[in-house]
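*Asks:* Put together the whole structure using the sequences plus the hints.
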Amino acid sequence: MKPDDRRQAIMDVLMEAGTASVEELSFRFGVSKMTVHRDLDDLEQAGLLRKVHGGASIQSSPQFESDFRYREKIATSEKRRLGEYAATLVEPGQSVIIDDSSTAGAIAGFLKDIRPLTVVTNNLGVITDLSGVPGMNLIALGGHYSKRFNGFFGVVTEEALRSLRADVAFLSSSAVEGTAAFHQDQEVVQIKRQMVKSANRKYLLVDHGKFGRSALHFLMGLEAFDAVLTGSEVSDGHARELGDAGVGLLRIDNQKIMEKA
312 MKPDDRRQAI MDVLMEAGTA SVEELSFRFG VSKMTVHRDL DDLEQAGLLR
362 KVHGGASIQS SPQFESDFRY REKIATSEKR RLGEYAATLV EPGQSVIIDD
412 SSTAGAIAGF LKDIRPLTVV TNNLGVITDL SGVPGMNLIA LGGHYSKRFN
462 GFFGVVTEEA LRSLRADVAF LSSSAVEGTA AFHQDQEVVQ IKRQMVKSAN
512 RKYLLVDHGK FGRSALHFLM GLEAFDAVLT GSEVSDGHAR ELGDAGVGLL
562 RIDNQKIMEK A
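Those letters in the sequence shown? Residues 312 to 572, by this note's numbering.
I should point out that these hints are in silico values taken from the structure, not numbers from a laboratory. Here the structure is a predicted model, which is why all the values come from computation and not from measurement. Possibly wrong hints are sitting among the right ones.
[Stated by the list, open to error] Pairs of lysine-lysine residues, derived as DSS-like cross-links and limited to a Cα-Cα distance of at most 30 Å, are as follows: (1) Lys423 with Lys362; (2) Lys458 with Lys423; (3) Lys508 with Lys313; (4) Lys423 with Lys313; (5) Lys344 with Lys508; (6) Lys423 with Lys344; (7) Lys362 with Lys344; (8) Lys362 with Lys458; (9) Lys423 with Lys513.
*Replies:* Here you go:
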């Protein structure tokens, strides 16, 4: 195995397990412990992991956090809560756009009883969940498959979205700073922006941990959305900031709206 391939494989192990020992990695890839140490040194310098005594652990970074395997493990109960509430905003017969995010993707399971329904998505997880469901008209957006985001992107995806119009779109973003949403990947930003243009109503679903953070690329101002849905765990300070700016904010706690700004 080439060094670059082995280092990617090491990251794959850490994505799944969170931590791994030098001894385990040495045995798994059939290389010396010294070779593993060199690999870990290079990955640590790239900001992708943190070396600990006898091994390595996940190093939080925008590049790492963009991987869907990491995202789907974060704030799972809050995302499920947001997805369940978001489904109440959909009526039978409507058309729905769902983006690549694990947060917006949490709505998929709650849509199965809202039929007939048309769902448009570039999210492979949503495609898998909804394929074959009776009464579900599933439009899978084509394009270039990204393993990191577990979705489809690029010119083909964007052109397909331009030809579609939906009743409602559910999106997420990597970060919310002030009254703006950000994402670390330019290609993903382009698709999300087109999704917003293609829908009559737009909702941003973000877990409370996304607030007060930033990422490389500006996505759009929060005023572009009919409402921002987040968990009741979000701080009062962030809630007041959005309320003062006229941004609709729904703080969801066990299917109850704690605050509507």
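*Asks:* All the hints need checking, so say for each whether the structure fits it.
*Replies:* Consistency of the hints with the structure:
| no. | hint | result |
| --- | --- | --- |
| 1 | Lys423 with Lys362 | violated, 44 Å |
| 2 | Lys458 with Lys423 | holds, 26 Å |
| 3 | Lys508 with Lys313 | violated, 44 Å |
| 4 | Lys423 with Lys313 | violated, 44 Å |
| 5 | Lys344 with Lys508 | violated, 52 Å |
| 6 | Lys423 with Lys344 | violated, 49 Å |
| 7 | Lys362 with Lys344 | holds, 14 Å |
| 8 | Lys362 with Lys458 | holds, 25 Å |
| 9 | Lys423 with Lys513 | holds, 20 Å |
Of the numbered hints given earlier, the model fails hints 1, 3, 4, 5, 6; all others are met.
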